Amino acid sequence: MRTLRHALLLAAVLATAAPAMAAETLYDSLGGQAGIAAIVRIALEIHVNDPRLAADLDNINLDRLRPRVAEQLCALTGGPCTYRGRPMGAAHAGLVITQAKFNAFAEGTQAAMEQLGIPYRTQNRLMALLAPMQRDIVNH
Amino acid sequence: MLHPSDARKAAKCRPGLPNRAGAGLLAPMLAPVLATTLAALLGAALPARAQDSGRLLATSGVSQIEGSAGGGLAPWAVITGYGTRDSVGANAHYTLAYLPSFTLHSAGASIGIHDRVELSYAHQWFDTRGAGAKLGLGGGYQFHLDVVGAKVRLFGNAVYDQDTWVPQVAAGVQLKTADQHGVLRAIGARSSSGVDAYLSATKLFLAQSLLVNATVRATQANQFGLLGFGGDRHAGYSLQFEGSAALLLGRGFAVGAEVRTKPDNLRFAKEGPAFDVFAAWFPTKNLSATLAYVALGPIARQGRQNGVYLSMQGGF
Chain A
1 MRTLRHALLL
11 AAVLATAAPA
21 MAAETLYDSL
31 GGQAGIAAIV
41 RIALEIHVND
51 PRLAADLDNI
61 NLDRLRPRVA
71 EQLCALTGGP
81 CTYRGRPMGA
91 AHAGLVITQA
101 KFNAFAEGTQ
111 AAMEQLGIPY
121 RTQNRLMALL
131 APMQRDIVNH
Chain B
1001 MLHPSDARKA
1011 AKCRPGLPNR
1021 AGAGLLAPML
1031 APVLATTLAA
1041 LLGAALPARA
1051 QDSGRLLATS
1061 GVSQIEGSAG
1071 GGLAPWAVIT
1081 GYGTRDSVGA
1091 NAHYTLAYLP
1101 SFTLHSAGAS
1111 IGIHDRVELS
1121 YAHQWFDTRG
1131 AGAKLGLGGG
1141 YQFHLDVVGA
1151 KVRLFGNAVY
1161 DQDTWVPQVA
1171 AGVQLKTADQ
1181 HGVLRAIGAR
1191 SSSGVDAYLS
1201 ATKLFLAQSL
1211 LVNATVRATQ
1221 ANQFGLLGFG
1231 GDRHAGYSLQ
1241 FEGSAALLLG
1251 RGFAVGAEVR
1261 TKPDNLRFAK
1271 EGPAFDVFAA
1281 WFPTKNLSAT
1291 LAYVALGPIA
1301 RQGRQNGVYL
1311 SMQGGF
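Residue numbers (the working numbering), protein chains in the order written: chain A, 1 to 140; chain B, 1001 to 1316.
Check the hints yourself; a few may be wrong.
[As the list claims (entries may be wrong)] Which residues of chain A face chain B? A few of them, derived with a C-beta cut under 8 Å, are:
hint, residue
1, Asp56
2, Arg68
3, Ala106
[To be verified] Chain B is nowhere near these chain A residues, computed Cβ spacing over 12 Å in every case:
hint, residue
4, Gly32
5, Gly35
6, Glu45
7, Val48
8, Asn49
9, Leu57
10, Asp63
11, Val69
12, Pro80
13, Gly85
14, Ala90
15, Ala93
16, Leu116
[Said to hold, decoys possible] Over the 12 Å line for every Cβ pair with chain B, so calculated as not near, a few chain A residues:
hint, residue
17, Asp28
18, Ala37
19, Ile46
20, Ile60
21, Asn61
22, Arg64
23, Cys81
24, Thr82
25, Gly89
26, Leu95
27, Ala131
Think of the hints as simulated: they come from the structure by calculation, not from any bench.
Source: prediction; values computed, not measured.
In this text, a Cβ means the ideal position worked out from N, Cα and C, and glycines have one as well.
Required output: the full structure, derived from the provided sequences and hints.
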């Protein structure tokens, strides 16, 4: 009887623990909503001060851009969000985006994560999700 | 089978060519300086927009022993330097492999055009140190090799194509010319010049922080070409495999390992595959250093040549 009780207890513990043991999403590794908001805030700060990108961000309303980028990253990394912004190609159609600018954007985003102390390998997991966007974003 | 006296005769029967052992001290000091100066001049001569150094840190690879962008032993499908498809990049290198019986030097420069075409030049010199006397060539006897390389990226992008299995693929040639014709003939080599052709596939698994490369090379070269091309055991081309794997450990820091199989064309001395384990550091896009432990296999009957490999590189 005691054995059965122990078995049931063990089963209950395992059942509760199971969801937590599922592979942590990148969204979680980046610190969830707050972590992603911090990355976006610092990255955009770096981007507007980057001479390679400053001109393109001159007329952009950063207060409107920040939540949209955060929503996109949340959806991309497996978080509980749906991206409702424009597709990447359309969103950048009015700008001249070279590979060099796209990569400068990536470098700034990496630097932001570095500042936040996000481990290098976690940084690369986000970079791996952003890299294929080159095909849609680079238009020159 | 080469008898030491044959080699001595062969070395002596070239009255027009001085033994270049005397250049042994000056050349290693000058080569990196010249290569770096060339890269700097090239950089200065180009309009600002032509050199964007727009690719991401470390995605240039390094210049391998024959001057093509890659790892230490194998060429990869990446194009040298940091230029994007809108621009030009370049790199200069000086590499030293200090082995038990020999010292192998390589110095050269490469230019990458629009992340599509790569042109390279490297000069290798192989100092036989004390082994030269044992082989009847004279102490400090040197073999020299010039390598002109061209590479074209065919398709794929190692960095951007993270959502597909398609690697970056490039095809290349290395045109090689060795000096010391008489000695090469005496050891059984068929020719003092040859052309290597290769196909490389490079894939970066960014989410795993892992880069892998596979290269297939058609070659006749004995010891990279330093000991000539073709031989009395096997004369023609053979297909060889080169593999590299690198783990990205941190910003601009990678460790990895490589293997490169080589032909075994000469009766005079057995030749085997080469291996290395390396650590590469890219403090900036303009500078990198590679430290490796290399096992080049037996060379010229002097036993297994395991030693230290150091490469310094500069570019944009």
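Outcome of the hint check:
1. Asp56: Violated - the Cβ of aspartate 56 of chain A stays beyond 8 Å from chain B, reaching only about 15 Å at its closest.
2. Arg68: 22 Å, violated
3. Ala106: With a closest approach of 6 Å, the alanine 106 of chain A hint holds.
4. Gly32: Holds, since 19 Å exceeds 12 Å.
5. Gly35: Holds, because the least Cβ-Cβ distance between glycine 35 of chain A and chain B comes to about 18 Å, which exceeds 12 Å.
6. Glu45: 19 Å, holds
7. Val48: 19 Å, holds
8. Asn49: 18 Å, holds
9. Leu57: The claim holds: leucine 57 of chain A sits with its nearest Cβ about 18 Å from chain B, beyond 12 Å.
10. Asp63: Fine: 29 Å to the nearest Cβ keeps aspartate 63 of chain A off the interface.
11. Val69: Label holds. Min Cβ-Cβ 19 Å, cutoff 12 Å.
12. Pro80: Consistent with the label, proline 80 of chain A stays out of reach of chain B, its closest Cβ about 21 Å off (over 12 Å).
13. Gly85: Label holds. Min Cβ-Cβ 19 Å, cutoff 12 Å.
14. Ala90: 19 Å, holds
15. Ala93: Given a closest Cβ separation of 19 Å, the condition holds.
16. Leu116: Correct as stated: the minimum Cβ-Cβ distance to chain B is 14 Å, above 12 Å.
17. Asp28: 15 Å, holds
18. Ala37: 23 Å, holds
19. Ile46: 15 Å, holds
20. Ile60: 21 Å, holds
21. Asn61: For asparagine 61 of chain A, whose nearest Cβ neighbour in chain B is about 27 Å away, the distance exceeds 12 Å, so it holds.
22. Arg64: 28 Å, holds
23. Cys81: Given that every Cβ of chain B is farther than 12 Å from that of cysteine 81 of chain A, nearest at about 20 Å, it holds.
24. Thr82: 20 Å, holds
25. Gly89: Label holds. Min Cβ-Cβ 15 Å, cutoff 12 Å.
26. Leu95: 15 Å, holds
27. Ala131: 4 Å, violated
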